[in-house]
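**Student:** Starting from the given sequences, assemble the full structure and let the hints guide the process.
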Amino acid sequence: MGHDAADRERLHARIEVWRRRPMRLHDEVITSEHGAGGKASQALLNSVVFPAFEMAGAAMDGAVLQATPRHDLVMSTDSFVVTPRRFPGGSIARLAVNGTINDLAVMGAVPHWLSIAFVLEEGLPIDEFRDTVAEIALAAAEAGVGIVTGDTKVVGRGAADGFYVTTTGIGMRPDDMKLGPSEVRPGDVVLVSGNIGDHGIAVLQARGELDLVSDVSSDCAALHTLVRDLLTSGAEVHWMRDPTRGGVASSMNELAMDAELGVRLIEAQIPVSRPANGVCELLGLDPLYVANEGKLLAVVSSETADKALTALKGHELGRNSSVIGVITSENPGIVVLETLFGGTRVVDMLVGDPLPRIC
Amino acid sequence: MSQFTNLRDPVAARKVLARIAELATGQPHRKFMEICGGHTHSIYRHGLEELLPQNIELVHGPGCPVCVIPMGRIDDAIYIASQPNVTFCCFGDMLRVPGGKLNLLEARARGADIRVVYSPMDVLAIAEGEPHRDVVFLAVGFETTTPSTAVTVLEARRRKLSNYFVMSNHIRIIPAIKAILNSKDLDLDGFIGPGHVGTVIGNHPYEFVASEYGKPFVTAGFEPLDILESVMRLLAQKANGRCELENQYTRAVRDAGNPVAIEVIDKVFTVRPHFQWRGLGSIEHSALMFRDEFAEFDAERRYSVPGVQIADPKACQCGEVLRGAIRPWECKVFGTACTPETPIGTCMVSSEGACAAYYNYGRFNKAPRIPVKAV
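Chains Z and A are the protein sequences, given in the same order.
Residues in the first sequence are numbered from 1 upward in steps of one, following our numbering.
Residues in the second sequence are numbered from 1 upward in steps of one, following our numbering.
Certain hints may be false.
Chain A side only, calculated, beta carbon under 8 Å to chain Z, not exhaustive [unchecked claim]:
| no. | residue |
| --- | --- |
| 1 | P10 |
| 2 | A13 |
| 3 | K15 |
| 4 | Y44 |
| 5 | Y118 |
| 6 | P224 |
Residues of chain Z placed beyond 12 Å of chain A at every Cβ, according to the derived structure [said to hold, decoys possible]:
| no. | residue |
| --- | --- |
| 7 | Q42 |
| 8 | M172 |
| 9 | R173 |
| 10 | R345 |
Listing some non-contacts, in silico: residues in chain A with all C-beta distances to chain Z over 12 Å [stated by the list, open to error]:
| no. | residue |
| --- | --- |
| 11 | N182 |
| 12 | F208 |
| 13 | I326 |
Calculated from the structure, these hints are not laboratory results.
For each residue, glycine too, the CB sits at the ideal point set by N, CA and C.
**Tutor:** Written out as structure tokens, the structure reads:
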């Protein structure tokens, strides 16, 4: 129709150039198209995700990891659904990186690689997603771990709350490392690396449902360097945990049951900040059950407790570390608290959420 | 308590404990009931029972408003919560109280809009913020919490809110104490009286316990030293052959109570002829309902709830526990069929419930102290 062969060729070439050109991201919010696997998906990944993470193998379906000889690989995964996504002292992005790093660290592993998977809700502002990705990249860089693979899905409005993120981490530890409940002996001492309960209280307040104002910030932090300092201090470390959901009480109960030993905690030696304690008193919560995101619980031999405490206190994240209890052969499977008053009570597992008492 | 500036001071506690030991020596086994769940909680939180001489036993009474809610009331609550366009608000520890078939937590998972609040004023704010929804507050509690519910109703009227409703489960302490005192299997030597209720109704209404029923009664505060001092005073009465009403909680409780709070309750609520209590059965005049002038706020009238009374489960001995007739672990289903995960009786639901408290404590063998050296 009036086109000669040369015109047609030029036209086809131009179409081909446009077809190969990556789609530009013009949208302000996430839509279902961003999850369809087509050009809109690519646009989101190319302009938001890949630049932040510098993913070398982004075009591939997976990452190739190089392990060190005489080391075991340690792997852990965690999903993050916190509301609100930002709170004093942290954010869902920081939690997603630090949470998985901490799970590896308390296994005695040096974290090396992370994968990251997002479930985005339609309508999520792309700017928020961009900020989140940048924050994740920054947290990973600070911790010295690489984000090597990932995934992004979009679900309809109402099917998720903004976005959820899942991280999987892989780290390495020497293949002769012994850690775990079976290593724990009666007489061992329990240490915690600082004030407990700050994260849970900070999030509770950030939800804005309480007319309470205090300056409690989340303790959200990556613990792997603190763990490294502890493991290289000469202390005989038998067990480690980061007491997140369910708090110190739940972690200690799991230890007591798994090790078939008793745990005796000393209330007077458990560090709790005054503001966090005040909020707990008001709401009828027990700080022992409130979540932490940057605290280390460790069980070490009593002979090396001094070394362990010195190592922890020497690290920025462990300044307020304290010996909080002892492992006993009495009351296997049970955690007992010696109260400030000199009485004792059992600190049991929670059944569900810590429900505020009404009077 | 004026001599103690710090009500959690272990040194002061040791002095009181020494005096308690002195007074208890030579006395027979004494059973004192703390009526209020707040006391039960404090006793466990601070491990007080273990510090008392062996012949002093604390019995946990019915003063946990969660523990005495019968299954039929929960079914009514779920019925209201499941109505179209209803937002149903309650305190957190009501969520797991068992109904006939479901609890509120399960009703929420099945789609009911049930929200946890920390104060009745929060519910008023929800009603104001969501004017197109019917917002219902599940009100529970003794005279301690009744005034704040009454205030929300007065405030709702002032703000002309037509979408705020209350399902009143407010109960009265005096008829409950009388029901315990009148029970045939009563075996108690005195009472640690509910201080929080006392701040509203005053100390005077408790007088009859000593004068008519011959049981010493000490209204107590909630700090560990308050409770220990109250035990000391009860023992002193026993040792000296006295039987009186005392007020240990003078920093909060006055003889005549809080007239403003009493007036507010009286303005909005009137006494129900009967109210069903879990374990204690139907008790005359033991609860409050809306006065006719405030009927428009009454969720029970708006939704004409089924109001079916469901008998307590046969195996459950909550009633005997609440009356102090048996100890929690003497119940047939304690720790087997009835645990905090699968509570049959409400005493197992709230952390203030006598059974939940014993579940955490009674199953554990007291071990000799192991000194931990501070590093």
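**Student:** Hints first: check each against the structure and report whether it holds.
**Tutor:** Against the structure, the hints come out as follows:
1. P10: 6 Å, holds
2. A13: 6 Å, holds
3. K15: 13 Å, violated
4. Y44: The hint holds - Y44(A) has a Cβ within 8 Å of chain Z, the shortest such distance being about 6 Å.
5. Y118: This hint holds: Y118(A) lies near chain Z, its Cβ roughly 6 Å from the closest one there, short of 8 Å.
6. P224: Given a least distance of 5 Å, the restraint on P224(A) holds.
7. Q42: 38 Å, holds
8. M172: Correct as stated: the minimum Cβ-Cβ distance to chain A is 31 Å, above 12 Å.
9. R173: 27 Å, holds
10. R345: Non-interface label on R345(Z) violated, nearest chain A Cβ at 5 Å vs cutoff 12 Å.
11. N182: Since the minimum Cβ distance to chain Z is about 25 Å, N182(A) lies beyond 12 Å and the statement holds.
12. F208: 24 Å, holds
13. I326: It holds; I326(A) is separated from chain Z by about 21 Å at its closest Cβ, greater than 12 Å.
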